[in-house]
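Once you have looked at the hints, place chain B on chain A.
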Amino acid sequence: MEKKGFFKRKRDEYLALDRLDRKRYVTDGILNNALYILMVIFIIYTAIRNKNFLSPSSIANMLMLAAVSLPMALGIGGCIVLTGTDLSAGRVFGLAAGMSAAFLQNRAATKLIFEHLPSTTGGWIIAVMLMVMVAGAVIGLVNGFFVAKFSLHPFIVTLATQLITYGIILMFFQINGNGGGPISNIASEFKNAIAGPAFKIAAWNVSIPWYVLFAVILVIVMWFIWNKTRFGKNMFAVGSNMEAAKVSGVNVFMTTMLVHTLAGAMYGFAGFVEAARLGSVTAATGLNNECDAIAACVIGGVSFVGGTGNIGGIVLGVFVLRIIFVALNMLGINPNLQYIIKGAIILAACSLDMRKYLVKK
Amino acid sequence: MAEDILLRMTDITKTFPGVKALDHVSLDVEAGKVHALMGENGAGKSTLMKCLFGIYEKDEGHIYLEGREVDFKSSKEALQNGVAMVHQELNQALKRNVMDNLWLGRYPMVGGIMVDEKKMYKDTVAVFEELGISVDPKRVMSTMPVSQRQMVEIAKAVSYNSKVIVFDEPTSSLTEEEVEHLFKIINMLRDRGVGIIYISHKMGEIKRISDTITVMRDGTHVATKPAAELEVNDIIKLMVGRELTNQFPPKTNKIGDVSLEVENLTAQYSLLKDVSFKAHKGEILGLAGLDGSGRTETLENIFGNATRKTGTIKLNGKECKNRNPRESIKNGFALLTEERRATGIFAIENIRENTVISSLKKHLRFGFLNERSMREDTKWSIDAMHTKTPSQETKIRSLSGGNQQKVIIGRWLLTNPEVLLLDEPTRGIDVGAKYEIYQLILDLANRDKTVLVVSSEMPELLGICDRILVMSGGRLAGEVDAKTTTQEEIMTLAAKYV
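In order, the protein sequence lines correspond to chains A and B. If you count by numbering that gives the first Met the number 0, then the first sequence holds residues 0 to 360, one letter each, in order. If you count by numbering that gives the first Met the number 0, then the second sequence holds residues 0 to 497, one letter each, in order.
Some clues are possibly wrong.
Part of the chain B face toward chain A, derived, beta carbon under 8 Å [stated by the list, open to error]:
id	residue
1	Leu78
2	Met108
3	Ile112
Below, simulated BS3-like cross-link-like pairs (lysine-lysine); rule was C-alpha separation at most 30 Å, straight line [what the hints assert, rightly or not]:
id	chain 1	residue 1	chain 2	residue 2
4	B	Lys137	A	Lys245
5	B	Lys482	B	Lys236
6	A	Lys9	B	Lys272
7	B	Lys236	A	Lys355
8	B	Lys236	B	Lys277
9	A	Lys22	B	Lys320
10	B	Lys162	A	Lys245
Using C-beta positions, here's what the derived DEER-type ranges look like [stated by the list, open to error]:
id	chain 1	residue 1	chain 2	residue 2	range
11	B	Thr14	A	Ala159	33 to 43 Å
12	A	Ile155	B	Arg340	42 to 52 Å
13	B	Thr14	A	Met253	46 to 56 Å
14	B	Phe367	A	Ile339	49 to 59 Å
15	A	Lys22	B	Lys117	39 to 49 Å
16	B	Lys320	A	Ile43	41 to 51 Å
17	A	Leu351	B	Arg340	25 to 35 Å
18	B	Lys117	A	Phe5	49 to 59 Å
19	B	Arg322	A	Ile339	54 to 64 Å
20	A	Leu351	B	Thr309	49 to 59 Å
If you are wondering where the hints come from, they were derived from the structure by calculation, not from laboratory data. Because the structure is a prediction, the values reported are computed rather than measured. Every residue gets a Cβ at the ideal spot worked out from N, C-alpha and C, and that includes glycine.
Just chain A, same shape as in the assembly (with noise of 0.2 Å):
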């Protein structure tokens, strides 16, 4: 077969459609693009506008924002392939960060929540986002058990656990005497171990912090563990149609219960990571989190129609949302009206990503 380039292709693709296709053809195109069509477009706009947006300080923040939203999204995301969802996730950061600041306070403070603890140094913590993933995992496998077992929606369990976590996460600030209070005073061997910087670009002037790598570390894993695994074959396979894998033998029941385990890790991580970006967490730290990376799984080509969707697209969606953010603070459009923003990106996004599913006849 001849080789032609893409667009020489797609130009007689059109030319040999007749009038009335050729119009479809273009709309079609259109449409199924427009995602990125209006990115570009409104990239273009807010670099005109304000031209600190495309600056590297800028660029880096964006990054910076994107790494450490990124986890939680890889964690939502295999819940969305098989059809569900978790509202859990934004406690269960919370939770995380908040166990995290308390195991890592800086020892020479007054007033600690836990005051028998092992000196910060690196195997601690290590030890302690183990701990917290742990955690994440636990809660994890609570809603996956409860999803695999008794086939319930993952939307009431999620429900349920988010408010148990909360429960969890209130008498956890408690603790010591502490009064609900936020937990600050974090050891400066964490924050530097992860919020320090990893390396410098000189040329630009600005460092890239440890939890960027973190991030790529877990993507590229993840990027694995859905691709080549024969969990994350299994994984695709039951959302894309469960009574499938379950005659074919595949265990239904712990490859539910593992996306939901691993998802509450990837959960744990990041609250890992928030407690040492913050250096003080509260009790509301992470609340509606998962709106973020839900939305951001929708925009990357995670369909709620399950069984599809790739770790390219989840960093993509991740990058688009948090472009828009920080868009829309340059713009200096106002706080509230960037929530109806927000909102009907998220609209639109998931209208043009169900567009491309449903059946034309």
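Frame of chain A; chain B shown alone:
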């Protein structure tokens, strides 16, 4: 016990609350033989298979595989022991590709954690070559026609190196040519000594492919005989338990003036191209053709349930736009859909709700639905259709297929249609109940309605239609008179544009 009996099921009994679904049923499957399992819907064939595969737990009885007693707890366990099933409803992960589906549940691994895609690809090609299937292992399932997906399903069963393979209505979505291919595969498996259970309603196939026939009725074993000793009529007699003298009711309809005119119908998203025809009042017009030849698409385009590119539809000389089903219903059209369970019934609603759903407007009194008039209409529908149901409040899913179909036909009659588009009206309906549906279709024609019937069963079209349009590759291949034509003529036309 004979040496060559691979699978022996003895005295299998299964009781559901209120129903004895299986009553001491026995079945022997020999190596290298095709054992046909026949019976009406509800005779217990699927229940028996579900007991074999551990989907249901049997109450009594024993299952022996190669003389060793087995009791599978899941289809996975059955597969691992060499008992596979090609399911009637295609259970596939459509968004995944062919080889992901083929090896689902047993992906080959490399390095402990990674799925070995290279091996998967190689093995898939090997299995397909062996069976003479030409499908790209990397193609996404949803982009393939149903028949090819079916072939993948069969390849999957074979790839387990199964000793016993159950085929559950495997030909329902295959073309003649593909059926030939399937039979070649089955013969090959038989020569290899595989024991095959073949479940089908199609008498012709059964006679051709099977060595032994077992007939079941109402959960009991009726007879097991060598296929050579049974004629089609004998099988039907055993299945329904009585002599079926006439398969079709006598034709009494009178054909009147032209009512429906369709011109240059071309679909936007399907292959339908330039279909034009006329239909008369009181006429039953058949639409024949292979699966995917555009029969269903024709009905959907007339009904506005699909996007038309070009084409005009006239009813009694007046043009109907029929841009969506709602408008079509107003214009006097009705569509009985092909997939009754998926797009016909509202399974968890009761008979009354299912009956009045398309004509709710006429039950409105001051903005509220009038219970009494809905009840009256439903009663009329149940009486007129001879629907067998304990009450109007019965959930429709608990009725048999034939009775469900009657409810839906009744639903459409309440909208006072001029044109009825019936897509596979007898699919999945018992032999006995089919006759009643035919009678209903004739009654419709007797009332001067125009009836279009799509069917894959040619004898059925020949038996009830006046004229038959034959479709092929999305186009109209020809028109035949049902009284004078033959199955051969229709088949030749159906292959015209393939």
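Subject >> Broken hints, by number >> reply: 7, 8, 12, 13, 14, 18, 19 and 20
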